[in-house]
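Peer 1: For reference, the chains in residue letters:
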Amino acid sequence: MSELKTAEPHGAPPADASPAHEHPVDFNNYVRRCVFIFIAILCAVSLMIWISFLPEHYTWAAKVGMILAVACANAFVVAGFLMHLLSEKKMIYTLLGFTVFFVLGLFVLTICATNDFPTGTTSH
Amino acid sequence: MDIPYTVQPRPDTGLYNAKLGIWLFLASEVMLFGGLFSGYVLLRVGADQWPHGWLSVPLGTTNTVILALSAITTLLAWVACKVGHFGKFKFFHACTLLLALTFLCIKGYEYHDKWIHYEIKLSDGTFADGHLVEKSADFDLAKKTGTFTIHGRIVTDENDLYDLRAQKNIQLKEIAVPAADIKSMENYGPWHNTYLALYFTLTGLHALHILGGSIVIGYLWGPGRRMWKTDPKRFTNRIEVSGLFWHFVDLVWIFLFPVLYLT
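In order, the protein sequences belong to chains A and B. In terms of my numbering, the first sequence is numbered consecutively and its last residue is 126. In terms of my numbering, the second sequence is numbered consecutively and its last residue is 298.
This is chain A alone, in the form it adopts within the complex (with noise of 0.2 Å):
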């Protein structure tokens, strides 16, 4: 980010009045990135869209997969750019490290058992 261009009111915070922040904020500049976001945000959307409606001897599953794909990616804008993960601190990288550990760990958990059937029958 560069530096600060806005001017600061009486009695409000600096520029890098928060300590988790320590980069100057420049408003205008900021507001440049999100208009960037939100069309790549609406592209991605868009993208989706289209590929749900792609004819039929593309498979669901094929299409699914595609989506999904495309929505991982949009994720990652908004995670990484609107909730600044991209630049935060390690901790929170940590925290962030056992939470999908464990999220894959549930995935992967229900998945095997889906043909886990209980005893004494042989089908869902």
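Among the hints, erroneous ones may be present.
To be verified - Mimicking BS3-like on lysine-lysine, the simulated pairs with C-alpha atoms at most 30 Å apart in a straight line are:
| hint | chain 1 | residue 1 | chain 2 | residue 2 |
| --- | --- | --- | --- | --- |
| 1 | B | K268 | A | K91 |
| 2 | B | K218 | B | K125 |
| 3 | A | K91 | B | K264 |
| 4 | B | K125 | B | K264 |
| 5 | A | K91 | B | K149 |
| 6 | B | K156 | B | K170 |
| 7 | B | K156 | A | K91 |
As the list claims (entries may be wrong) - Not the full set, but computed from the structure, chain B residues with beta-carbon under 8 Å of chain A:
| hint | residue |
| --- | --- |
| 8 | L55 |
| 9 | H120 |
| 10 | F290 |
No lab work stands behind these hints: they were computed from the structure. Computed from a prediction, not measured in an experiment: that's the story for all the values here. Ideal placement from N, C-alpha and C gives every residue a C-beta, glycine not left out.
On the provided structure of chain A, position chain B as indicated by the hints.
Peer 2: This is chain B only, laid out in the frame that chain A set:
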């Protein structure tokens, strides 16, 4: 006694306490929605058939754009606080609040649309499917009296109601169904099938998060903004923390929209 580390970062974590707190909360939220999404995967993979085209893509897209826009305005509200432009903060936070309420209104309309949508099994084995137009005053399914008028169509095979995307030029008309001809009927509520149960559970929980976030944003925009005069740095951090929650809600929708509306 002052609460420590509301503005200054703790030396061991490098974060002020509320920020660490919100990330811990978001981690638990990831586990909550992760469990529901894994349940969705399990049920969908195990289903013999899955509905397509049951939800309005234009409405879902509108809500996606609204939520993305609200994520932008909430970020700009925080930046406005950082640079000391309280007027801009009030404007952007008000925008976020209005967008959130618009999202909830559209979601409410969608729920209502499903609530008045009926699948009626007729005595001759066919199915009447459509939205309720009118129910005669004397309509009573148990006594077999009155008529139930829908705007929809009649199909001979129930499977024709599943994949609406694959069917072109579906002709809808007003159909008056006498109660005497009805074998059974059910609206498109969460009890209708697995897909709708998942739809209402996932979007309902998400809508509750939107509502909760709106209350917090509304508080910070209204009575809570007094803190700006006494402790602007702490107020700015509150806006950041509420913004992180809002972005998470947006993230969840980024996956809900394709999973429920597009696939």
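Peer 1: Go through the numbered hints given earlier and state which of them the structure violates, listing their numbers in rising order.
Peer 2: Per hint list: 2, 5 and 7 violated.
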